[in-house]
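Protein chains: 4
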Amino acid sequence: MGRNFSSDHVAPAHAAIMSAVHKANEGFATSYGGDDLTAKLQSVTGDLFEKQVTVFPVTSGTAANALALSQIVPTFGAIYCYEAAHIVTDEAGAPAFFTGGAQLIGFPAADGKIRPEQLAKAIAYAEDLGIHHVKPGAVTLTQATEWGTVYSLDEISAISEVAKQYALPVHMDGARFANALVHLGCTPAEATWKCGVDVLSLGATKNGALGAEAVVFFDPAMARDFERRRKRAGHLLSKLRFLSAQLNAYLMNGLWLDNARHANAMAARMEQGLKAVSGARLLHPVNANELFVVLPEETASALETQGFKFYRWPLHDDEPGVTIRLVTSYATPSADVDEFIAAASSIKPAAATKPAAATKPKG
Amino acid sequence: MGRNFSSDHVAPAHAAIMSAVHKANEGFATSYGGDDLTAKLQSVTGDLFEKQVTVFPVTSGTAANALALSQIVPTFGAIYCYEAAHIVTDEAGAPAFFTGGAQLIGFPAADGKIRPEQLAKAIAYAEDLGIHHVKPGAVTLTQATEWGTVYSLDEISAISEVAKQYALPVHMDGARFANALVHLGCTPAEATWKCGVDVLSLGATKNGALGAEAVVFFDPAMARDFERRRKRAGHLLSKLRFLSAQLNAYLMNGLWLDNARHANAMAARMEQGLKAVSGARLLHPVNANELFVVLPEETASALETQGFKFYRWPLHDDEPGVTIRLVTSYATPSADVDEFIAAASSIKPAAATKPAAATKPKG
Amino acid sequence: MGRNFSSDHVAPAHAAIMSAVHKANEGFATSYGGDDLTAKLQSVTGDLFEKQVTVFPVTSGTAANALALSQIVPTFGAIYCYEAAHIVTDEAGAPAFFTGGAQLIGFPAADGKIRPEQLAKAIAYAEDLGIHHVKPGAVTLTQATEWGTVYSLDEISAISEVAKQYALPVHMDGARFANALVHLGCTPAEATWKCGVDVLSLGATKNGALGAEAVVFFDPAMARDFERRRKRAGHLLSKLRFLSAQLNAYLMNGLWLDNARHANAMAARMEQGLKAVSGARLLHPVNANELFVVLPEETASALETQGFKFYRWPLHDDEPGVTIRLVTSYATPSADVDEFIAAASSIKPAAATKPAAATKPKG
Amino acid sequence: MGRNFSSDHVAPAHAAIMSAVHKANEGFATSYGGDDLTAKLQSVTGDLFEKQVTVFPVTSGTAANALALSQIVPTFGAIYCYEAAHIVTDEAGAPAFFTGGAQLIGFPAADGKIRPEQLAKAIAYAEDLGIHHVKPGAVTLTQATEWGTVYSLDEISAISEVAKQYALPVHMDGARFANALVHLGCTPAEATWKCGVDVLSLGATKNGALGAEAVVFFDPAMARDFERRRKRAGHLLSKLRFLSAQLNAYLMNGLWLDNARHANAMAARMEQGLKAVSGARLLHPVNANELFVVLPEETASALETQGFKFYRWPLHDDEPGVTIRLVTSYATPSADVDEFIAAASSIKPAAATKPAAATKPKG
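Protein chains in written order, with this note's numbering: chain V, 243 to 605; chain L, 243 to 605; chain A, 243 to 605; chain P, 243 to 605.
Heads up, some of the hints might be wrong.
If several chains are the same, the list does not tell them apart, and a pair holds so long as it fits within one copy or across any two.
Pairs of lysine to any residue, SDA-like flavour, derived with a Cα cap of 20 Å [to be verified]:
#1 K436 with T272
#2 K363 with P350
#3 K436 with A281
#4 K590 with T547
#5 K551 with L290
#6 K363 with Y553
#7 K265 with A352
#8 K551 with L371
#9 K551 with P350
To be clear, the hints were calculated from the coordinates, so they are not data collected in a lab. A quick note: this is a predicted structure, and the numbers were derived from the prediction, not measured.
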């Protein structure tokens, strides 16, 4: 059951969220978002972000990202992003489907963070090619990134600045936004619209919900007709109260931050422990709740045999040893981390060996 | 709270389904459908339909319909249906979006049931026009229909026969499939693949779930790559166990039929009671859980004033009086029906009057 | 060779247009529309329409219509039209493809002309259904219509007025615009923007070009980024001068009107002659260059046997006898018409008989 | 007029092709490809390629590529290609539009030629990610490449072999196929299906046509319903004879090879001459009719001032000096080349300087 570091969505839902769903199940309620809980979600979110926002609950991160992008990018547009962003590699083509053909233009980035110079260069290139090229449409950042790093506020601002010069909206894929927020130690407002983010995919599922994400527009005018897009994509639930209930419970009383804080702490504990593991090497700074660790094949295999769950990660470039991803969540017991470290530390590999075939990674 | 006949999805979730969700929330589980509950759903459904099937849980009827159709209709294809089918009027263009451009070709039908002759004629017309026209792609039936009527098995078979002559797959929008099944008094198999249905959108939300529908393929070969379509549409949930749990609870131990039986009985009770209501006239036979009733404006207004909830229905053709839709559900208390009838019977309208503007209908 | 009434695009290109293509083939020229002939087309068209316009040459009517509609209709929108408009029946799903899913909502119309009341009713219905329905997007008229009739200026204005109330743009499919213009005897401006048309698909191919149509926007602001849509659809030709040359020759010196005048005159001659044909009955007034004639099967067969070319027309409703379509063009010799009439008149059918299977109609 | 090296489509149409268009304009002809010239095109092409093929004339290279890819790649598929292939940078998103969302996955390649290892690795990566990633759909090669190099037959075979292992079809963008063929000195069959190419976009416009390309399927079964795709994209011309006439003239009597031979010879002459130009450096081998030359800014500017036409090329990587593209065509006079060389040679730049802003490149 435990000892599972394969992803943060293998965890169950948090008791407080489950309880909110239960409580939402009282009597009849207007469907399609006409209920009280959905109304409340607007104000709860607005209060948190210190701004009037428009919030749309959906059931998956892919839906949140693709719907958000389809709202802000023309069908003949370019979406600038990290070349191995989740939308590029793990959403099965959703952005192009939802936008009707927009093109993902990915930039290389060792740490998963794109740079303002890359954006500026790509836009200049597009302008040079004119109508023969896709039209610059939007830039999207993943926060925390696909590699468990976190953009600083300055880094985001620098990218937004370039985007604004060309009137490009900025989207943030915040599947693990709470984890980033806890790392940054700033307010939700500072982490988003105050540094130029226009639309946020706000994740909750990986951090304690049953299945709830939200698209948050910081400028309500930008959300015009968005509800039509959500509806025609099959993402407007009739009994929407059950989604809104989850999000309210998530965002109220600091649950989202508490959960993220625990997940991050478990990752830090793991990071600390790994120092004692022979042959272990971190690929990236551990800013949130993911660790990418190069291990000797012998160690990785032994851990698998002992029942620890994690993914072997496919890498484009050849690395000696095997790279694994460890993800902690709000539900990770510290004992699981300690057991993992204890087990890993006790393995004394002969030498670094060839990596075995990667197992199938997910989300 | 009660006295709400506006739709069957204003009802809460059934206790047994809520309880199943609760029970699903134990420990870690493989995400994206690798969990036990999702595995179980395959066999539960297969057993019920007496056939090996492939089942894909999704969260909305629009998603189920549009995904199913996109799987079986070419992007340059025609989808034959009733001209006021839910997919035509109430899914915001989802079928064309998911198929990448397939065209809905609707047939008129006073009772919501299309006829085999209409299909044959439309296909002949398409073949006549050749590549200048959309290619015949699939036929879709709503069961129970948009008007609360139910196709007989013979009626479905006759349509399927025409479809099969041209190798067209048959889709069934079963948002209220259980209600139809109860009316027909036949097995799920008889109501679907035994009369030629290839793919079923199986609804549960309107009949007791929190938000769960399923796409059921009766020929697993037809489902090839369907999971990719579901994923890229954002309809593959990471914590899929919570959807599968709902569907299992729904389909096991006859809950779906019990719920539908109650809903239908409430509709029949309402039908019976309406005989005593002055100026009331049913537009269609009441086979399932929906009633379309023409009432004097005076009566409709008075009921609204007394707090009864229902929709005034927009009709293409002019009718004297006002047409309202009454929907019952598994959660409708018989007392609510009786109160409605009592209230309606006690109103003595002066005469039929002009209808007021329709209120916004939903789903 | 001659005696061909099957369509107006079976005719060759007009000598003056062919000669213009020849003349365009001198020396090097900037590609993708940077040439002088394309620049000239803007002013030629602007002068004709007494307004600053933006003109985009394309090679087919389907491209012109679908591109124009995709520019003005949201991907989740409704396109209101005649239920058997060319875009509905003969463009293989192009509007839904180009718009990414917009839905065609067709109105019945015996003479091919939709009515303002139909539009008003459909919009009201859409507003009633709100986000569950496709959003009203645009209205499109075919001028001359699919049945060879022509909208009067008042009829167009009445439709535009309803459209403008809801801020819907008005598109005109003018595949046979010149034929309509000649019938109306008004200016191009009067026939378009002065009665509320925002975008025109201006046909030339059926009236003498090799293959040239144009999308004309009467408000340049409405054409924003249209060139990107044209490019990504593969409709921006590199040697655009050859298209522009055709259109210039077509529009200058009255060639388009001369050609249309002849075509219409031949149709009128045919109409006159048909009075002498036993059992012949016109289905619609002959306003342009198409005639829909019910003939005894015996007569139709005999004419086919004698080598006259025309299409048997598929009709939704059952008619005794066979309906044929006769199309005249700028290149139809009056002798051909006279021979057709002479041949038809000399046939003395026993009685009206069942129609044979329709031959494949085109465009 | 002359001295224009900006592109091969700034040239006029070849006299023989223009004359064929003229000749095609005789009398009435069945529309939409039912004419004799289109029938002839099938056999002409089949004879040339020594195989039964199915050929579809279209008017642009973007249309040919995008239509071909949409036929062979699922809407949720991946298209493997060179990262700066024409379909990636210069077709405004056409592949994603036509496929309804397929994703371009580009590989780096200094010489514009992708390698079999890159393909194998990308497919392995996709299989690892499973349904979360786009499904491997097809591989596409540009021949001659975007950098004027030409794949050897062995190079193509090696890529095809990997593709075939995974049942992926191979597409070739042959906008400059004739130029490659002349360079390879092999037969059309050897250059295509004999080394594993399944579908060819066969260009003619850059090599002497007015505007004519063809999609050639080497397995007619693979072309099923392709004509519906062409039609709904607006690329089925009614007077198709004029396109077929161009292609027939192009392919018969060796005109295509003669034209390409001249263009290539002019490029070789230019290459030879450049050796005498101070500071000039070729970026790539000159295999066909394009040259990418680094020049001192002073030289480039002086040539522009003297009226020579060419594009400054945008490069992703920083290069000292300025990179220009020179394109020769069937119509390039050797005198133009000689004048260019003479002018360039006479300029004696002080030193390499910073490049000025690139001018807008095209096609």
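Intra/inter-copy verdict for K265 and A352 if alpha-carbon distance must be at most 20 Å: neither (45 Å within a copy, 42 Å between copies)
Within, between, both or neither, where K436 and A281 count as close if Cα-Cα is 20 Å or less: neither (25 Å within a copy, 46 Å between copies)
Intra- versus inter-subunit Cα pairing at 20 Å for K363 with P350: This pair counts as both: shortest intra-copy Cα distance 13 Å, inter-copy 18 Å.
Up to 20 Å CA-CA - L371 versus K551, copy category: Result: close only across copies, 17 Å inter versus 48 Å intra.
Within, between, both or neither: K363, Y553 at alpha-carbon 20 Å: The answer is between: 19 Å across copies meets 20 Å, while 35 Å in one copy does not.
Intra- versus inter-subunit Cα pairing at 20 Å for K436 with T272: Cα proximity of K436 and T272: none, with 35 Å in one copy and 37 Å across.
20 Å Cα threshold - placement of L290 relative to K551: neither (35 Å within a copy, 35 Å between copies)
Within, between, both or neither, where K590 and T547 count as close if Cα-Cα is 20 Å or less: within (15 Å within a copy, 72 Å between copies)
Alpha-carbon proximity between K551 and P350, which holds within one copy, between copies, both or neither at 20 Å: Neither way: K551 and P350 sit 29 Å apart in one copy and 35 Å across, limit 20 Å.
Violation of the numbered hints given earlier is confined to hints 1, 3, 5, 7 and 9; the remaining hints are satisfied by the structure.
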